[in-house]
Structure formats: structure tokens, C-alpha cells
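*Asks:* So you can see what is in the structure, the chains are spelled out below.
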Amino acid sequence: MSGYRSTTKLALASSQPSVKAASKQPAIQVSNLSIVFDTNRGQMIAVDRVSFDVAAGEFVCIVGPSGCGKSTVLNTIAGLELPFEGEILVEGSPVGNPRPDIGMVFQQPHLFPWKSVRRNIAHGPRMLGRSAKEACAIADDLIAMIGLKRFADAYPNTLSGGMQQRVAIARALANEPRVLLMDEPFGALDAQTRAVMQDNLLELRDRIKATIVFVTHDIDEAIVLADRVLIMSAGPGRILREVAVNLPRPRSSAILIEPTYLALKRDCLEVIRAEGLRAFNQSDSS
Amino acid sequence: MEIGAEAIVQNKTPKRAAVTAGADRPGRRPTSGRFRRLNVLVGVLSIPLFVILWELISRSGIVNMVLFPPPTVVAAAVLEWMRSGQFFWDVAASLYRVSAGFLLGSALGVLLGILTGQFPVVSSLLSPLFQILRPIPPIAFVPIVILWFGLSEAGKLFLVVWGVFFTVWLSTHIGVQKVDRGLIRAALMLGTPRRQMLQEIILLGALPYIVVGLRTAVSISFYTLVAAELAGTFAGVVYRIEIAQQNLQTGQVMGGLAALGLISFIADRLFAALAERTVWWR
Ligand SMILES: Nc1ncnc2c1ncn2[C@@H]1O[C@H](COP(=O)(O)OP(=O)(O)OP(=O)(O)O)[C@@H](O)[C@H]1O
Ligand SMILES: [Mg+2]
Chain A
48 MSGYRSTTKL ALASSQPSVK AASKQPAIQV SNLSIVFDTN RGQMIAVDRV SFDVAAGEFV
108 CIVGPSGCGK STVLNTIAGL ELPFEGEILV EGSPVGNPRP DIGMVFQQPH LFPWKSVRRN
168 IAHGPRMLGR SAKEACAIAD DLIAMIGLKR FADAYPNTLS GGMQQRVAIA RALANEPRVL
228 LMDEPFGALD AQTRAVMQDN LLELRDRIKA TIVFVTHDID EAIVLADRVL IMSAGPGRIL
288 REVAVNLPRP RSSAILIEPT YLALKRDCLE VIRAEGLRAF NQSDSS
Chain B
88 MEIGAEAIVQ NKTPKRAAVT AGADRPGRRP TSGRFRRLNV LVGVLSIPLF VILWELISRS
148 GIVNMVLFPP PTVVAAAVLE WMRSGQFFWD VAASLYRVSA GFLLGSALGV LLGILTGQFP
208 VVSSLLSPLF QILRPIPPIA FVPIVILWFG LSEAGKLFLV VWGVFFTVWL STHIGVQKVD
268 RGLIRAALML GTPRRQMLQE IILLGALPYI VVGLRTAVSI SFYTLVAAEL AGTFAGVVYR
328 IEIAQQNLQT GQVMGGLAAL GLISFIADRL FAALAERTVW WR
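Protein chains in written order, with the numbering used here: chain A, 48 to 333; chain B, 88 to 369.
Hints were generated in silico from the structure; no laboratory data involved.
Glycine is no exception: its CB is placed at the ideal position from the N, C-alpha and C atoms.
Among the chain A residues that face chain B by a calculated CB cut under 8 Å, a handful are:
#1 Ala125
#2 Pro145
#3 Pro147
#4 Gly150
#5 Met151
#6 Phe153
#7 Gln155
#8 His157
#9 Gly171
#10 Leu175
#11 Tyr202
#12 Asn204
#13 Asn222
Looking at chain B on its own, in the form it has when it is part of the complex (with noise of 0.2 Å):
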């Protein structure tokens, strides 16, 4: 993990280096022009090529139709889950799990991390605890949740927080750690006061790796969201992904499995947006 967030960060900072990169090779430049409109070209067909050749194979009888629906069968159930209203309401559900387990365990994260960064003692209290309790998958935690919390939202919001928070929590403790000292004795030199530290230096030097834990963590709120639904709710995207795989409705699953994907996309692109801009030295 550390060496991760230390390598996405690296990867984050230099913005000429791809100009570099590609200057590097001289000999590709007369047709790179040519090249890049070709790969355009087959960007754009990727997706469409890929649901035609699906139409084609499902339609075609080689796989079984009920199993392998089609895409048209597939949006067909879409509209139908839409038309129904239950849509909006699974989304929300969904959306509402996924955000406030993530809000909950990275402001737990931010906050613990930086009392583990700041003070050796409070480190050498928590993080040996941190660290066994972190590799366990949250999905393992769904029995003893169901256990504690029986079907209530109280119990998706743990699981949903419980994943968010060790890596919002580690690379917060790692940026923490990481400020460089040069900045604090800058500082020092400067007259800032030692419990001004904190806003003043540390908090913006962590930033860079706070938030690319941040930006894990999304991705991880949605694996844990399916774990936290399927462990039993009433509503919710994978829920109903799951009501409709024990109806054998396995077009409903698909569309389910792509608004999932699509939901998860966004709230990845909007995150990546939000940190260009919350790293705005960069």
C-alpha cells in the first residue's frame, strides 16, 4: 500500500513527462498523426463492436438464450426496472450506503491518521491494532454484522465504513509521516507556532497521499456495498441484482451489474476531478 500511494502520487506530479515521452521517439512522429485518428477510430467501436458481436453470439443459439440474454433483452429489463420506479429507489439506496459509509470512514480515516502521523504514542497504540485488522477482508465481516446489526441499515453503514477507513486511515498516517521536515523547520524559522503546525504545514503536505487514499477508498465503498447488500436489505442495486438472478430474470442481472458499473465510473471521475483540483499546487 505504502509504496502504492507513493507511486500514484509520483505518477500524479509530472504532467511534462508524457509531452517527454512521446518527443523521445522521433522516428514514430510522421505517422503518429495517422496512428492516433486510427486509434481514435477503434476507441469509438470498442463498446458498439462489443454489443453487436453479444446480439449476434446470443441470438445466434451457440449459448443459451435465458443464461446469455442479448443486449436489447437486457435494456428491455432497464426500461422496465426504470418504468417500475424501483430504479430510483434502488439507486438511492445504493448511492446513500455507499456515501455515507464513505464520508464516515475517511473523515475516521483523515482524523486517526493524522493523531497516528502527529504522535508516536498514539501510533504505537493504535497502529499495531490498525494493522491486524486491516488485511481482513470486510466481506468476512458480514456474518458477525448480521450478528450485531441483524438487517439494518446500522449494519451496511459498518461494513461500508469499516472498508473505507484503513486505507483513508494508512495513507493518511504514511502523508502524515512523510511531510518533508525541510517545510517544519522552514516554517519554524518563520515564526509559525508549533500547534499551528498542523493547519499551517502538515495537513497540505499529507494532502497529495490523503487523497489518493481518498480515491481508493472509493472504489473500495462499492466492493463493500455488495457485500453489505447482499447480506440482506430491501432495497439497492445489488439487491435487486439478486432478486432478479433467483427469478432467473438474467437480463434484469446484467442491466443491474451495468448500472453498477456506470454508477461506480462516475463517482470515480468525479472524485479524480474533485482531487486535480484539491491538490491545486500541482
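Chain A on its own, in the form it takes in the complex (with noise of 0.2 Å):
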């Protein structure tokens, strides 16, 4: 127990992330985050005391294994599920319930069947109190963001993966949040489509100011997306390591093989890799 207890604050003491959010607020404080799951084998610790802080307008991305918690922590930050232990603020007062100023885009699109693509975006704007009007034109400006302007009176199910999951961030996007949670969105999307997301989603940041916390298991994702990747243990869900990201921007897939760039994943794989075996040994003891 104690053991990566202090690789964590090891961890946490080797970066420097918190230049930026000394000076202000940050927009997410995550503090000594646990959550454990009533399993029918018992109590299941999903995730052991996570803490990390993400400044406003920062990019931040969580790299980890498969079911080392990166969705619960996520859902968690957006009010869906509730801390066993520790607090999560964000910007600055308790998350209990969903909030309209947190946004989420989950793995996948969930978006309304039952409603055109712009009806689904104006949802959110609807449901703050926008009338019919105001809340059609947010979602007609959001549809031209997005490149979907032909599309906007077609249903879901006639739309590709790449296009529904547009629309849900677009959707996301409709109520101003001040914090965007994606929990890997592009995960089911192919190589080429989620290159072309990764460009979308960078230039919509541009715009929108939002915090933005990512989800994802792709290394590269995460290092053209982020400012900053934290990687996650395998279960229980813990911090290993966070790399801050010092890569120019804007930034394209060149940078997929500039030396800096390969700098850093090699940084991160071997944490990753370190960390796969331990996780590796120890299920074969136990």
C-alpha cells in the first residue's frame, strides 16, 4: 500500500503542473479520490486516492489501461457517480449532481434517436430555458463549426460514427460549459477518421476556451492533443506519472516525428511498460 503511495508523490513532486493554477483558481481539484464498487466478490476499489489539479483553459489528458478507472474518475468529475472518499471540485465549488457548466462526450455518441441533429444539440440549451429560437441558432452556429451544415435535419442512425460522435461534442458544446469531459471519444472511430476528430477537436478548442479533460488509451492522442498527460496505474486506478507537454501549437500530425516529440513518448511508454509488467507479476502471484 504505502509503496506507490510515494511513487505518486514522487510523481507529483517531479512535475511542475501547477505553475498556472497557483496564480488562479484551477477549474478541476481532484483531491485524494477514491471509489470503490460493491462487487457480488466484495468491495472493489475502482480507484485509490487520485489528486490532480487541472488549470483553466488547461488540455489534459489520462492515459491507462483498460479498466484501471479512467471512466470513473471521469464520471465522477461530471457528478454521474459519487466519491467514496476525498473531493472534487470544480471551479471551486462541490460536484454532487450533474452540473450544465460541465460538459461530457462519452465513448459513445448517445445521442437522441428521436431527434434531428440540430434538435439534439439545442437539448441542452432547451432544457436551461432558451426558447425554440435562441436555442436553434446556437445549435445552427455549432453545426457549421463542426462542418455538418447538410446534415443538420438528418437522424442519428443515418449518420457514420465520426459524424454522430461530431455532433455529440458539438451537442456538448451547445450549453458553454466551462469544463468539457471526453471520456475516449474517438475510441471507436478509425485510424484516419480520428486523426481528422483529433484536427476538429483542436481547432474547436480554439474557440470555445474550455477546460478539457480527455480520456484516452492512445499515447499519441493524448501527446498531440494535451498541455498535460497523467498516466494511470492499472486497477485500483492511480496517478503515476504526470508529463507536461511543451509542444508548440498549433500543431498537426507533423509533429507525430519531431524529436521532442518522441522524447516524450518514449517518457511515457516506459512508464506504461514498467507499469504493465508490474501489474503482469502480480496478478500471476496472486
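With the hints in hand, could you dock these two chains into one complex?
*Replies:* Written out as C-alpha cells, the structure reads:
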């Protein structure tokens, strides 16, 4: 127990994430978050004392192996799940329930099948009390932004997976959230579509200025997108290392072959490999 | 029922599937045009051929013509039935029972299905009871309905409502429970208040299942109508069939059966067309 606790501390100390955060209040503060699930084999620790801050406007990626608790952490920040222990502050106030200033994009688009693209995107503003006209105007702006004007009146089942996910992103942005949580939003897409979507997201991000926490298990995706990458261990999830990505923006896929990029990637991969080995040996011996 | 409902719902989803299935067998393509024309021709001839055969057999003397009257006699009986003015009142009485029972039974079914689907407490309270009552064939209730209601319309209504209710209740219950949790989470994240979740997400999410249940209930309402009218009444298509049987007017019996089949066929078609429009996003 105490062994990895000190690694976490060490990792936290070795990076300098909070330079920006110190001057202003962080957009997200996760402190000592633990999450325990009741399963039929007893209690299972899914997330073990995770702490991190995300500065306002920062883009943070969380990477980690499948089942390590990435979605659980994100859902808890979103207010969809309650922490077992620890505290989460978003924009300074604790989250107990979903809040409209926190947007979420899930791994599946989860579009409302009975609503057209426009009405899907307009749903959030409508729920927050905007008139139908205002909500449609907001939706139309976002539809233009994601390049789906031709499909404004189409129903989700007629769109490709990539288009659906773009609509899901636009829908989450319609409420102008201060914080946008994204749970492997491109995980189900093919490599080419995924690259296009990453570029789209970076463009969008320049316009919306939201704080973004993005979960992925693709280390390339994490480095291309993020200001900072948090690497999580295999379950029970905790944060192994934070890696600051000081690559210039705007970024393009060209950075994939730059030496600084490769050095970063090597760092990350080493941490991941060591963790993979540890998890493997542990599961072998137990 | 659960599996059946699902199969029907899924059957309706991929309209493209039929096209691809055809394209999977390129070997048949060159002749498929001719085959299709042949099929259409045979289809058009099917009923006339059957009627002619029936006429011939009836009149050939192989069978007893009183018990097995030819189509011409049946048609004459139906015409007579219409001319007497009874036809209108019989159809009106039957349609009234079916539609009133269907509407009331489905309204109750949808309402309670939403309640048991949404609230586990209500489900624990009512589902065991419903599951016990549901398998009893509605026709078995005829004797007790006669004891309770006599020959009144209320008894007829009760039987049809009873038959319709359980099917609609179960499909609504299942539909509500099967609503994608992901949609609910997405809606929550977009600021949908929990108390609006029913109208915004759950009803629409369950709608395809509810529609399947309602469509099944259309034919069930006709089954139970038969039981209801056999239990004793003063007008109705099935009642007329029974009276004709007692008078050995076999032509009238068969005409009544044909009328009943036609009405229930039209009702089913109408409902199918309506259902198509209800689940508009498919
Ligand atoms: N509702 C739940 N009840 C019980 N266990 C759960 C529940 N949700 C998640 N878990 C468990 O918690 C652990 C973390 O799950 P989580 O979905 O957060 O993983 P993840 O990192 O997002 O994985 P992936 O990359 O596959 O999406 C898993 O072992 C999972 O089985
Ligand atoms: Mg996940």
C-alpha cells in the first residue's frame, strides 16, 4: 500500500503542473479521490487516492490501461457518480450532481435517436430555459463549426460514427460548459477519421476556451492533444506520472516525428511498460 | 414475450437489410425479374383460384352443401345481411367493443407499464400479481364475467380490456427498462431535470416497444371480442355468426367469419401504418 503511495507523491513532485494553477483558481481540483464498487465478490477499489488539478483553459489527457478507472474518475467529476472518499471541486464548488457548466462526451455518441442533429444540439439550451429559436440558432452555429450543415435535419441513425461523435461534441458544447470531459470519444473510430477528429477538436478548442479533460488509451493521441498527460496505473487506478507536453501550438500531425515528441513518447511508454510488467507479475503471483 | 417483442422491434430497424440480402445472391439476378413477375401473377390469382375451387367442390356433390355452401351462397347471405340493416349495427357494436376495450386497456397498460418500469417499488408490488394473472387466457374469464356483469356491455368491455392490458403493460414495462442508460446520462449532463426525464427520454426511448405491444394488442382485442360476444349479447358480428349457426345458416356463418377477418385485417394494417409514423425516426 504505502509503496505506490510514495511513487504518486514522487511523481507529483517531479513535475511542475501547478505553475499556472497557483496564480488562478484551478478549474478542477481532485483531491484524494477513492472510489469503491460493491461487487458480488465484495468491495472493489476502482480508484485509489487520486489527486490532480487542472488549470483553467488547460487540456489534460488521462491515459491508462483498460479497466484502470479512467471512466470512473471522469464520471465522478461529471457528478454522475459519487466519490467514496475525497473531494472534487469544479470551478471552486463541489460536484454532487450533473451541472450544466460541466459538459461530457461519452465513448458512444448517445445521441437522442428521435431528434434531428439540430434538435439534439439544441436540447441542452432548451433544458436551460432558452427559447426554441435561440436554441436553434446556437445549434446552427455549432453545426457550421463541425461542418455538418448538410445534415442538420438528419436523424442520428443516418450518420456515420465519426459524424455522430462530432454531433455529440457539439451537443456538449451547446451549453457553453466551462469544463468539457471527454471519455475516449474517438475510441470507436478508424485511424484516419480519428486523426481528422483530433484536428477538429483542437480547432474547436481554440474557439471555445473550455478546460478539457480527455481520456484515451492512445498515447499518441494524448501527446498530440494535451498540455499535460496523466498516466494511470492498472486497477486500482492511481496516477503514476504527470508529463507536461511543451510542444508548440497549433499542432499538426507533423509533430509525430519531431525529436521532442519522440522523447516525450519514450518517457510515457517506459512508465507504461514498467507498470504493465508490475501488473502482470502481480496478477501472476496472486 | 420479451424475446418476441425484441425480435419484432429489431425486425423493423434495418430497412436496408432486405436490399443487401437480395444483393448477396448475385447468381439469381438474371432470372429474378421473371421470377418476380411470376410471383406477382400467382399472388393475384391465389384468392380467385381458391374461391373457384371451393365453388366447384361445393356444387360437385362431394360434400354436404348445407354445411359447406359455395361462395355464391355466402355472398348472397352477406348481401341479405347488409340489406336487412343488421350488418351496420353488428359491425358498429363489435367495433365499439374492440376500440373502447383497446383504448382503455392500452391506456391502463401504458400507464402501469411506465410506473412499474420506472419505480422498483411499484414493480415489486404489482409485477408478481400481473405475472400470475397474465397467463390465464381471457376467455377463461367468461363465466365469472357473466356472474359479475350479466350480459351488459360492461362485461364485454372488461374482457377486451383484460386481454389488451397485460400485453401492453408488459411491453411498456420492458421498453421503459430497456431505455439506454447512456441516453439518460447524456440527458442529465445536458441539464435535463430528473422530473422531465420521463417525457424527454424515457417515453420516447420505450416507444418502439410500446408500439409493438399495442400492435399485438390489436389482434388480442379481436380474440377477446369473440369470447365476449359468445358470452351472450344482442348485436355484434360474432353474435350474428352464433345466431346463424343455431339456424343452420352456414352461408351467413361463413360471411360473418369473412367480415370479422376483413375488419381485423384492416385494423391491423391501419395500425401498422400508424405505428410507422409513430416511431418517426426509424
Ligand atoms: N458500476 C460499476 N459497478 C461495479 N464495478 C464497476 C462499475 N463501473 C466500473 N466498475 C469497475 O471499475 C473498474 C474501472 O472501470 P472504468 O470503466 O472506470 O475503467 P476504464 O479505465 O474506463 O476502462 P476502459 O479503458 O476499458 O474504458 C473496472 O474494473 C470496472 O469493472
Ligand atoms: Mg472507460
